[in-house]
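A.B. asks: Given the coordinates of chain A, work out where chain B should sit on it, guided by the hints.
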Amino acid sequence: MTHDNHDVTVGEMLRRHGISRRGFIKFCTAAASAMALPPFMGPAMAQQLRNARRPSVIYLSFQECTGCLESLTRSFAPTIESLIFNIISLDYDDTLMAAAGEAAETARTKAMQDNFGKYVLIVDGSVPTGAGGGYCTAGGHSAVDTLREAAKGAAAIVCVGTCASFGGIPFADPNPTQAWPVTGIVADKPIINVSGCPPIPEVITGTLLQFVTTGTVPDLDEHRRPKVFFGNTIHDRCYRRPFYDQGKFAKSFDDEGARNGWCLFELGCKGPTTYNACATLKWNGGTSFPIESGHGCLGCSEPNFWDKGSFYSGLSSPAWGKAGETSPLEVLKIAGGAAVVGGVLGAAAAGVGRMRQHRQEYESIDNEPKGS
Amino acid sequence: MSRLTDIPIRIEPLVSSSSGGLGGGVTAILTEIVRLLERLASLDEPAAIDLRSLPMSPQDRTELQNALGEGEVQATLNAEGISRIHETRVPGVWWVEHRDRHGEPIAELIEVSRVPQILASASEEIAAGARDLRERITAAMAARSR
Numbered sequence: 001m002t003h004d005n006h007d008v009t010v011g012e013m014l015r016r017h018g019i020s021r022r023g024f025i026k027f028c029t030a031a032a033s034a035m036a037l038p039p040f041m042g043p044a045m046a047q048q049l050r051n052a053r054r055p056s057v058i059y060l061s062f063q064e065c066t067g068c069l070e071s072l073t074r075s076f077a078p079t080i081e082s083l084i085f086n087i088i089s090l091d092y093d094d095t096l097m098a099a100a101g102e103a104a105e106t107a108r109t110k111a112m113q114d115n116f117g118k119y120v121l122i123v124d125g126s127v128p129t130g131a132g133g134g135y136c137t138a139g140g141h142s143a144v145d146t147l148r149e150a151a152k153g154a155a156a157i158v159c160v161g162t163c164a165s166f167g168g169i170p171f172a173d174p175n176p177t178q179a180w181p182v183t184g185i186v187a188d189k190p191i192i193n194v195s196g197c198p199p200i201p202e203v204i205t206g207t208l209l210q211f212v213t214t215g216t217v218p219d220l221d222e223h224r225r226p227k228v229f230f231g232n233t234i235h236d237r238c239y240r241r242p243f244y245d246q247g248k249f250a251k252s253f254d255d256e257g258a259r260n261g262w263c264l265f266e267l268g269c270k271g272p273t274t275y276n277a278c279a280t281l282k283w284n285g286g287t288s289f290p291i292e293s294g295h296g297c298l299g300c301s302e303p304n305f306w307d308k309g310s311f312y313s314g315l316s317s318p319a320w321g322k323a324g325e326t327s328p329l330e331v332l333k334i335a336g337g338a339a340v341v342g343g344v345l346g347a348a349a350a351g352v353g354r355m356r357q358h359r360q361e362y363e364s365i366d367n368e369p370k371g372s
Numbered sequence: 001m002s003r004l005t006d007i008p009i010r011i012e013p014l015v016s017s018s019s020g021g022l023g024g025g026v027t028a029i030l031t032e033i034v035r036l037l038e039r040l041a042s043l044d045e046p047a048a049i050d051l052r053s054l055p056m057s058p059q060d061r062t063e064l065q066n067a068l069g070e071g072e073v074q075a076t077l078n079a080e081g082i083s084r085i086h087e088t089r090v091p092g093v094w095w096v097e098h099r100d101r102h103g104e105p106i107a108e109l110i111e112v113s114r115v116p117q118i119l120a121s122a123s124e125e126i127a128a129g130a131r132d133l134r135e136r137i138t139a140a141m142a143a144r145s146r
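These protein sequences, in sequence, are chains A and B. Here the first sequence stands for residues 1 to 372, where the numbers follow the numbering used here. Here the second sequence stands for residues 1 to 146, where the numbers follow the numbering used here.
With the rest of the complex left out, here is chain A (with noise of 0.2 angstroms):
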């Protein structure tokens, strides 16, 4: 992690480093499929990117788990080795470095300083705004100062990961800490939400090799998502849809149908609503994802994902009852006295309405970022 190499160009690293323009075409031709580009593109890529100044990359981390940086570092095309040493100049990021303390702080701003405008900016976590900004410091720096100061340089700003994007788990119903995803934060600068929880490693690499390649933001959806990779549902491309088209639903996770591999919608999956590429790029390498081990979607790459309700009730029922429990018309059953009716009723009825309050306060922040 240098911060004194940002005019060296992709090719001359690749040449300093021994790897070929054999192996480089090799890597972007993974990349590119990983990308769903065309097969051609992988040389062309390769070409361009030879030519590419190194963009100073500054990665900061938030209100986070560390789980998007673990995911990241598993990318196998490219590879996170590969991205780091060759295509970026990462001079900034607080777990992967060996800097710490004044001298890693040193490194940021004098990154930020030498490559005014030009820098990306990766940001991981939501950022928390309670009590003056103090559940999330480092150095002395609240993490909502740190954003608003990095992101005036900032060529671009890539969230990685739902916290980042939406909020995610500490945006959710109460959100104690008053946290916000970054475009609450910051109106003024291209934002490009990786969203997920956490985001596959290749949409993460492939976003910001995109990005180095073409020097410009990919196209975004409605939620700031790349197309590429969140351009259709996990329904839509899953292996078992033809069974949710024949209307073969398993009904628990060790019935005969989910023995049979059938479409687990009536088990909670939440992928008819939710736009993401792990039914096709998959995981670990391309090995397999959630719904191929059994399990449904969690939704976990779409907005108050959290707040949706049981990861376990189907999609066409009520969002009330916590995970595990009996249905809503079995606890009215159990019950059978009207005072508890109207208990769980009015239960749900405020539930449904905090939901909405907080939907509407997300979308707020969408279209009405907070002022920076």
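Below, a list of computed lysine to aspartate or glutamate pairs in the DMTMM-like style, where the Cα atoms sit at most 20 angstroms apart:
| no. | chain 1 | residue 1 | chain 2 | residue 2 |
| --- | --- | --- | --- | --- |
| 1 | A | Lys189 | A | Asp219 |
| 2 | A | Lys248 | A | Glu266 |
| 3 | A | Lys282 | B | Asp50 |
| 4 | A | Lys282 | B | Glu104 |
| 5 | A | Lys110 | A | Glu149 |
| 6 | A | Lys189 | A | Asp114 |
Derived from the structure by calculation, the hints contain no laboratory data. The structure displayed is predicted, hence computed values, not measured ones.
C.D. replies: For chain B alone, coordinates are given in the frame of chain A:
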């Protein structure tokens, strides 16, 4: 056993295969290959199909491999991992499989071209090679004359 690919999987051919027929997906790929070959023949324009982007079952893959077969040319590329490239029985149709340094597959293509793009030497490398070789000859001659 260190990788998933090491677990032996028995692939049962589809009824259509055993009777000499082909699955619909494989027929579609072969039809696309014919179109690309005709384009290569008439316009000298190479093309490729990314096999990992297609929803192929193991049976489809085996059927496609059997339908295309193995031709005369095999090449191994050792660059950031091993890549195996062979021409199929259909001239101009190459099966390209790239693996990383850990032996994991990272890309698999059907390339329709005279020679796969990655095998051809680049102009700047040829020029650099010529310069390097000339310098070595000059140095060797100088050493001999001493």
